[in-house]
Amino acid sequence: MPTLFRSFQEFLKKPKGAAYLFILPAFITLLIFTIIPLVNAVVISFQNLTIFLAPPKFVGLSNFSRLLQDDRFWNALKNSFYFLLEVPFQVILGLLVAVFLSKNTLFRKFARTIFFVPTICSLTAIAIVWSFLLDAQIGIFPYYLTQIGLPQLQFLSDPNMAMPTIILTTVWKNFGMTMMILIAGIQSIPNSYYEASQMDGANGVVQFFRITLPLLIPSLGFCIITNTIGSLQVFDQIYVMTQGGPLHTTETLVMYIYNVGFSTQPFDLSYASAIAVVLFLLIMGISLMTNNYLTRRETVDISEG
Amino acid sequence: MAKKITPGQTFVFITMALLLIVVLFPFFWLMITTFKIDTDIVKYPPTLFGSTYTVSSYIKVWQSLPLLDFLKNTVIFAGSVTLISVLFDSMAGYAFARFNFLGKKGLFIFILITMMIPFQVLMIPLFIEVYRLGILNTYAGLILPRMADAFGIFLMRSSFVSLPKELEEAARVDGYNEFQIFFRIMMPLSKPALITLGIINLMGNWNDLLYPLMLTSTTKMRTISAGLALFVGQRTLEYGPTLAAAAISLLPLVIVYIFAQKYFVQGIATTGLKG
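Line order of the protein sequences matches chains A and B.
Under my numbering, the first residue of the first sequence is numbered 1, with each subsequent residue one higher.
Under my numbering, the first residue of the second sequence is numbered 1, with each subsequent residue one higher.
Bound conformation, chain B alone (with noise of 0.2 angstroms):
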């Protein structure tokens, strides 16, 4: 039996097919035109292929931009945050959702509270904190402030009521105390959702801009998104380096989200079905 394709389901995987051109096209542009040589990227009538295609834009960037300081630097902060702020928060969470202790309510109501604020209230006061505690410009400075987020237990501690009341029982009764019940049962079975919130949290730091541009101050310590925002700003740059350079601080998260595309998807549906 042949299956009937109506004029609506055309219509539809048109509009589908066109929107992945809409969706698509900017990144292939992207690919292309570093690849270009600088009078083939600004000449006019602008065209989408090159005369000739050469990797100079790329050796440019490398020289005129600490490209590999602020790779480090990203690395390093995005990285520590990402580690940190998963034990913080799956902590933190596991006695929200597995303990009865006084104080609980208050404690939970003032971690909501600190959701809700935007950091753009917040940036001025801990600019003046961070330098006041001598860290301005530091990796410490960078890290610290982002040890534990609201968020983030919350999403843990969505993961943790789940797991059966047994599992402890057990565990106690053996003899384990309640760290090691949290290291060494409760953390191996909720990987899931540590892998979830890791990823969330990564993501969200190395393409955050505001936080890391306000917290550093000098070249030598900026991260990718504020070193190559400074840079495009300042108008410094030819157009092919400063366009190789955003490729170069694209590759990174697009190659961990084909590698890992199922708990980008687990965690955001997560998020949305809480609502």
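Chain A with its partners taken away, still in its complex shape (with noise of 0.2 angstroms):
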């Protein structure tokens, strides 16, 4: 046992070892947190599991066969669908700001500082800023709204608006990151294209649609593959702001999951457990679509490495 010991010991001094070393903390700890949970997500859907924990029975495909007629599961997923609109304005907002503040001067870089500040933020705190700034009784947006003939909006009571109010807030949330991920894209794009472009007589408008543009396309790609997965994964403004009302009109995927599991009777983690699987086909399946632009390099990497 000693000499099996030492040449263990051997082993781990050697880089081989030394590797697997390295990684093992890392590994039990995604193994055991996150790899099993996944599994158990999976065996929990075909269960009837609530969070009293007693013990659970196999109840095959049920849960699955009880959301196809829930009407609540369904609006649940238009709505998440209809939270994915913030993606173009995030983008476009954060693609147009990134073009006027890409250079080195004074005013940019404070412009691009305060920009960046709301997505540093916690979603908690801001989400109950703005519900103040938009109440309908004591909200000073409302009431500024008035003043220019509006109508005294319901912004987060109103089940149109709802909605629309949530994707703007989260927008102005959002932008600044977006925002700063372009303005490295755009710093790497060497500065001889737009002077060799700039002799030929090519605007700004032209040097945007054919320089700027197409050469951002894999950091922008990023930007709209990365947020589509986290829109769709939205919670903390929705929670603070409306907790999915009113009449479930921003009740997505992920609140109505947390709703049936963690907030009304009877606690159903099962069925939640469904709902969740769900949602993780839907991004696995944006994942795999996209796996190939996002991981192309970090493959070739170890492939080659």
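By construction, these hints were calculated from the structure, which means they are not laboratory data.
Watch out, some of these pointers could steer you wrong.
Anything over 12 angstroms on all C-beta distances counts as not near chain B; from chain A, calculated [to be verified]:
id: 1; residue: Ser45
id: 2; residue: Ala111
id: 3; residue: Arg112
id: 4; residue: Ser157
id: 5; residue: Trp172
Here are the simulated distance ranges between beta carbons [said to hold, decoys possible]:
id: 6; chain 1: A; residue 1: Leu84; chain 2: B; residue 2: Pro164; range: 42 to 50 angstroms
id: 7; chain 1: A; residue 1: Leu84; chain 2: B; residue 2: Asn177; range: 29 to 37 angstroms
id: 8; chain 1: B; residue 1: Leu102; chain 2: A; residue 2: Met199; range: 52 to 60 angstroms
id: 9; chain 1: A; residue 1: Phe110; chain 2: B; residue 2: Gly103; range: 48 to 56 angstroms
id: 10; chain 1: A; residue 1: Ser263; chain 2: B; residue 2: Gly106; range: 24 to 32 angstroms
id: 11; chain 1: B; residue 1: Phe259; chain 2: A; residue 2: Ser192; range: 33 to 41 angstroms
id: 12; chain 1: B; residue 1: Leu24; chain 2: A; residue 2: Tyr193; range: 47 to 55 angstroms
id: 13; chain 1: A; residue 1: Tyr194; chain 2: B; residue 2: Leu24; range: 28 to 36 angstroms
This one's a predicted model, so the numbers in the text were calculated from it and none came from an experiment.
For every residue, glycine included, the Cβ atom is placed at its ideal position computed from N, Cα and C.
Fit the two chains together into the complex; they arrive one by one in their own frames, and the hints show the way.
Shown next as structure tokens:
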């Protein structure tokens, strides 16, 4: 046994053995707290488990067949896609601002710093602030709008306005991130391209469509894909601002999972898991479709390495 | 030679100035409103400025919410997760960057897969698992699941890949073992990437809502986001103190941002360029 231990020690001293030791803590963490829960999520969705954790029974596909007839599920799915409208608004605003602010002047640097501030703030606090600003009774924005002749708007309690309102506040919160990523992309475009095109008489608009936009496609793609995946997981601002209401018009898939499993009787964890599995398939689908795009460089590096 | 200012430039400048106002206004409003008296906050028509100013909202929130507990929990949770995950992620990233070993590609794909799983899919089984392990509503339950993440491993890997090979060869000649090479040579050289990852993790965990909301069950264990969201949800607090609590939760990260701006921006830029 001591010799075995010693030879194990010797093995670890060599680079190859050390490599496994370096990976071990991260591997164990990811295995126990990501992979095992993933497998269990699928298992639970075939059972009838509630939050009281009584021994569950296998119920087959009944949770999934229940989904098909559940209007509230279809409504949540529709709302999740509705919320995806946030992505084009946010990316276009981020792109325009990035183009205007990509040069390093004092004013532009200052503006960038400020536009990035909302992205570091917690969604919870930001959502609280916005729900006050937009409140129908005491909010300052609805009041200002009545001063310019609009009716008293119920931003968060009108079923038709709640989702657009949440989308706009999310754009406000997130466009700074897109802007930063795109500025980094624009700044890595060689200046000589612009100089050459200028000699050929191209103006700013032509340069934008012929040089900036085509060369930004990779960064733009990254922003669109990560924001789409992130938007399908939207929760915090909805939880704080509307809790899914009014009339379930802002209840997205994640909000519905939370409401089914954790906030309303009978705390049906299995049914919530079934919804989660659908969400997973949705996101996995998008990830796989765009997988090559996001990981090509990583895996190429690895196979060469 | 005077620089000619085109109408286009004027338009851009005015648009940016307006956007600055739109972005700053809610913060400005929050700052003023937390010092207003409650009758000024709820009066109609609403006004931006109050008739008189006071710190009573801050005193009230301090008395009615266990804010000190919330802050302590957030610091312990976000701080430990940040320190541990930066260490584990850089160790794993280092192995992928500098070593060749059997199963490297398989392990890499394994980690890649974990990056594609949204948290909402894991939350129910994770909740049950943490409960069965007997660490629900404890610091261990909050910290352990977040000790490593795929994003951090990729970020650190791309930082270690760029270091010259001669470094470790020279160190090996000097009789350093692999761990000494990592801790004494590689880690210090990767300081910018380590700080970037640290800030990203600190920010993510500090602001996270759903995760601490699920894995804690008593007021004493809540983090600031979770505690705040619950109290606002119950509508037990007056308006002034609610906003004061929101302001208190924002302040620490804004301060970190002001002093470490460079690393925030650097981290974001490298993330995007990878695509």
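Going down the list of hints, with the structure as the test:
With 12 angstroms as the threshold on Cβ separation, the claim that Ser45/A sits away from chain B is violated: the shortest Cβ distance comes to roughly 9 angstroms. A beta-carbon of chain B comes within 12 angstroms of the beta-carbon of Ala111/A; the shortest separation is about 6 angstroms. Taking the minimum C-beta to C-beta distance to chain B, about 8 angstroms, the non-interface status of Arg112/A is violated against the 12 angstroms cut. For Ser157/A, the requirement that its beta carbon stay farther than 12 angstroms from each beta carbon of chain B is met, with the minimum near 14 angstroms.
Its beta-carbon lying about 7 angstroms from the closest one in chain B, Trp172/A breaks the requirement of being farther than 12 angstroms from that chain. At roughly 45 angstroms, the beta carbons of Leu84/A and Pro164/B sit within the given window of 42 to 50 angstroms. Taking the beta carbon of each, Leu84/A and Asn177/B are about 51 angstroms apart, not inside 29 to 37 angstroms as hinted. Taken as a hint, the range 52 to 60 angstroms holds for the pair Leu102/B and Met199/A, whose Cβ atoms sit roughly 56 angstroms apart.
Between Phe110/A and Gly103/B, the C-beta spacing of about 50 angstroms keeps the proposed range 48 to 56 angstroms intact. Against the hinted window of 24 to 32 angstroms, the Cβ-Cβ separation of Ser263/A and Gly106/B comes to about 40 angstroms, which falls outside the hint. The hint said 33 to 41 angstroms for the Cβ distance between Phe259/B and Ser192/A, and at roughly 36 angstroms that hint holds. Leu24/B and Tyr193/A have their C-beta atoms about 35 angstroms apart, which leaves the hinted 47 to 55 angstroms range violated.
For the pair Tyr194/A and Leu24/B, the beta carbons lie near 31 angstroms from each other, so the given range of 28 to 36 angstroms is met.
When the structure is compared with the earlier hints, violations turn up for hints 1, 2, 3, 5, 7, 10, 12 and for no others.
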